[in-house]
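In case you want the letters, here they are:
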Amino acid sequence: MTILGYYGKILEVDLTKEKISILSLSEEDTYKFIGGRGLGVKILWDKVKKPGLDPLSPENPLIFMPGPFSGFPIPSASRVCIITKSPLTSPIKSKYKFASTLTYSNMGGFLGPEIRFAGYDGIVIIGKAVSPVYLYINDDKVEIRDAKKFWGMKTNEFDKAIIDELGDRRFKTCYIGPAGENLVRYASILHTSARGAGRGGVGCVMGSKKLKAIVIKGSKMPEVADHERFINVLEEIRKSFKNYSRLQRWRRYGTAAALISSSDAGSQAVKNYREGTFLEVDKIGGIAAEQKLWIRDYACYCCPLACHKAGVVRSGPYAGIHHDGPEYETGTMLGANLLVSDLYGLMKEIAEVDDYGLDQISTGNVIGFLMEAYEKGYIDLKFLDGIDLKWGNVEAILAFIKKIAYREGVGDLASKGVKALSSKIGKDSYKFAIHCKGQELAAWNVHVSLTQALCYATSNRGACHLNGHSIRSQNFAAATDSTGHCRFATGGFGKNGIFELLSSITGHDWNRKIFEKTGERIFNLEKCFNYREGFRREDDVLPPRFFEEPLTIGPKKGAVLKYEDFEKIMDNYYKERGWNMKTTKPSKEKLYELGLEFAWNEIKG
Amino acid sequence: MGLGNPNFSNVIVYSFNPPVDIPNRCVLCGDAPCIEACPVSPDPVTGRKALYRDEKTGVIKNDKERCLGCGSCAMACKQKRVGAIIPNPETNKPERICNLCEGDPACVKYCPFGALSYIKGGLDGRHYALPPEKIAYQLIKLWYYHRK
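Heads up: the sequence lines are chains C and L, in that order.
Here my numbering runs 14 ahead of the position in the first sequence, where the first position is 1.
Here my numbering runs 85 ahead of the position in the second sequence, where the first position is 1.
Honestly, I wouldn't trust all of these hints.
Chain L is nowhere near these chain C residues, computed Cβ spacing over 12 Å in every case [unchecked claim]:
no.: 1; residue: GLU128
no.: 2; residue: ALA271
no.: 3; residue: ARG310
no.: 4; residue: HIS337
no.: 5; residue: HIS479
Dumping the calculated DSS-like pairs for lysine-lysine here, alpha-carbon to alpha-carbon at most 30 Å [as the list claims (entries may be wrong)]:
no.: 6; chain 1: C; residue 1: LYS285; chain 2: C; residue 2: LYS571
no.: 7; chain 1: C; residue 1: LYS231; chain 2: L; residue 2: LYS194
no.: 8; chain 1: C; residue 1: LYS253; chain 2: L; residue 2: LYS226
no.: 9; chain 1: C; residue 1: LYS416; chain 2: L; residue 2: LYS226
no.: 10; chain 1: C; residue 1: LYS234; chain 2: L; residue 2: LYS205
no.: 11; chain 1: C; residue 1: LYS163; chain 2: L; residue 2: LYS226
Covered stretches of chain L (chain C as the covering partner; in silico rule of three or more C-beta atoms under 8 Å from a C-beta of chain C) [said to hold, decoys possible]:
no.: 12; region: 89-102
no.: 13; region: 161-170
FYI, nobody ran anything at the bench for these hints, they're computed from the structure.
Idealized CB from N, CA, C, for every residue including glycine.
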C-alpha cells in the first residue's frame with residue numbers, strides 16, 4: 015500500500031547475517047510519528063522488546079531517519095536523526111545491569127535528503143560485523159563492503175579517502191573516527207568532516223557494530239499528495255524566509271552570535287559551570303572569529319541560513335588548520351568552559367575532537383570536570399598520566415583529547431563520561447560532575463534559569479539543551495525533530511508553513527494542535543522507554559552546583575537556584591504531563607489519549 | 086516532473102574537503118567543443134548539425150530527430166570543459182545543456198544568497214569553463230593553504 019509522502023520502506027541491514035531487507039511502514043505509524051526522531055523512536059520501541067538491553071550488543075538497532083520534508087527543496091530540510099539505545103546514560107538504580115535511556119542525535123548536511131533520494135524513509139542497522147565494514151547504498155544496490163584498510167583512520171582523512179575509493183563525488187557519507195572504533199561512550203558520527211551527530215554515543219554504537227561508514231547515493235524522488243498545493247506553500251515559505259527577522263544574524267554569525275550574548279546573560283558554561291560569564295569571551299566570540307578566522311559561510315541542503323562557518327588558522331603553532339567553528343556549543347565547551355581564550359588554540363581543539371570523532375559537548379564537559387578536580391587536589395598529575403590539566407592549557411587539553419579517543423591510561427575512565435569519573439574520584443566530586451542521567455550538560459548554564467534546569471532534567475536522552483523549557487515547547491520540538499527540517503530555521507516558516515507543508519505532502523490535515531499532540535505522543539513514548547528501563551524521579555535531577563554555589567562574577571553575580579523552586583516546577587511539570595509525581599510513571603489515561611496503549615501494556619507493571 | 090533530486094538538475098553542486106562548493110553547469114562555451122564533436126553532417130539548408138547553436142539566443146540545442154546518440158558531445162565536454170553534458174541513460178542523447186530557461190534562469194531566480202547572476206560572460210574569466218575539480222583546487226589553495 016502506498017503512503018502518500020513516503021516510500022513506506024525502511025532499509026534494514028543485519029550485519030551479523032549479512033542480510034539486506036526492506037521493512038514496511040504502516041500508514042498508522044507515519045501519521046502518528048511523522049518521521050525522523052518520532053518514527054525512529056517507534057521503530058526502536060518495536061525492535062527493543064525488553065528493558066536492559068546492552069547498548070553495545072548486536073541487537074541494539076542504530077536507526078538513521080530523515081523525515082517527510084527530506085528530499086524536497088524545502089528550506090533547511092537537511093536533517094537526519096540517529097536513534098538508538100544510549101551507551102552513555104544510566105539510572106541511579108535499576109534492576110537491569112545495562113539500563114539506559116534511548117538517544118536521538120540530529121545533524122544537518124546532505125545525508126537525510128540523500129537517504130530519501132535512494133528510495134528509503136530510513137535505515138536500520140542491526141547485528142555486528144565480524145571485521146570492519148562499510149555500507150554501500152546506490153538506490154536498490156546495497157552492499158556490505160570491507161573496510162579493514164579504513165579502520166583507525168581519522169575522520170578528515172577518511173572523508174577524502176572514501177570519495178577517492180568510490181570515484182564519485184556525489185556520494186554522501188557518514189562515518190566514525192577512532193573514538194567510535196574504540197567505543198568511547200560519547201563518540202560521534204561525522205558527515206562532511208565537520209557536521210556531526212554527537213550526543214548520546216551514537217558513534218559508539220556504530221563502532222560496536224564494526225561499521226566504519228555509510229555511503230549513499232540515490233536517483234529517486236519522493237512524491238507529494240497534492241503537488242499544486244505543495245508548490246504554492248513552498249513559494250510562500252520562500253518568501254517568508256526572505257523576511258525572516260533573524261536570517262541575517264544566522265547567516266553572518268551562526269550560533270557563534272550567542273557566545274557573547276549568553277556570556278552577557280550569565281547563561282554560559284564557564285569554568286566547569288562554576289560561572290555564567292566568561293570575561294575573555296570577546297577573544298573567541300563571533301566578531302573575533304569573523305575577523306581572524308572565518309573564510310566562507312556554508313549551507314546545508316537547501317538552507318538559506320548558511321550558519322556553518324569554515325575557518326582557517328592564520329598564524330602561530332596551529333597555522334594552516336581548517337575547520338568549522340567556533341559555534342556556540344563548541345566554542346563554549348572547549349573554550350569558555352575550560353577558560354581557553356586563545357582563538358586559534360580553541361580551533362585546534364575543535365578540529366581534533368571532530369577528527370577523532372568525539373562529541374564536542376561531552377568532551378569539553380569531561381575535561382572541565384577533571385580540571386576542577388585537579389585544581390581542588392582531588393586528583394594529581396599521576397592520575398592524569400602526567401598531563402598538566404590547568405585551566406586554559408591548550409596543549410594539555412589536546413593531549414587529553416587523544417587519551418580519550420584511544421582510551422589510553424586515564425583516557426579509558428574518561429571515555430566513560432563524567433558520571434563514571436566522579437564515582438571513581440569520589441569525595442564530594444558529584445557536586446561538580448555536571449551531568450543528568452549520565453549525559454553531560456551542554457553549553458547553556460543553569461544558575462540564571464529555572465526553566466533551563468527543567469529543560470535538562472526532563473530530557474529523555476539525559477541532559478539536553480534542545481529539549482525545551484516548557485511542556486509545550488518540548489512537544490513542539492519533538493515533532494519538529496521528526497519532519498526533517500532544522501530547529502534553527504523554524505522561525506522562517508511563518509505561522510503555519512510547517513503544517514501546510516505536512517498537509518500537502520501527506521494528504522492528512524495538519525495544524526498546530528495536531529502537530530503538538532504528535533510531539534506529545536513522541537515524548538511520552540520516549541518516556542515509557544526510559545521508565546521501563548528503571549528511570550524515576552530521582553534521576554530527573556541536576557548537580558548541587560546550581561543550587562549551592564552562586565555565580566561570583568558578571569552581570570548575574572549572585573544568581574543561584576533554590577531547591578524548593580526546582581521541586582515545585584517539577585511537581586507541576588509531572589502533574590501537567592499526566593505523569594505520577596513520585597515515580598514519573600505516565601498515566602494510563604494519558605497514554606490511551608495519545609494512542610500509546612501498547613506502551614501502557616509494557617509499563618503498567 | 087520531479088521535485089528536487091539535485092542529481093537531475095542542470096546545476097550540480099560538487100562539495101570538496103576543505104569545504105568548497107562548486108556549482109557545475111553548462112556554460113554555453115563560445116567555441117562549443119560539443120558542437121564541433123557532433124559527427125552529424127550539417128543540414129544543407131540551415132547548416133546545422135544535430136547539435137547546433139541557436140543564433141538568436143546563443144543557446145546550444147539538440148535536434149533529437151537527427152541525433153545519433155553517439156555521446157561524442159558529452160565526451161568532448163568532459164575532456165575539454167566542465168563535463169556538464171550527461172547522456173540520457175536510455176537514449177544516450179545529450180541532456181543538461183543549459184537553455185537559459187528562455188532568458189529567465191530559474192537558478193538565478195531562486196538562489197537565496199544572490200550568488201548567481203545572469204550576465205554576458207567572456208571567454209577569459211579565471212574559472213571559465215573549468216571542471217569543478219580544477220576550480221576547487223584553485224580555491225582551496227587560495228583560501229586554505231596560502232598560509233602553510
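Structure versus earlier hints, numbers of those that do not hold, lowest first: 1, 3, 4, 8, 10, 13
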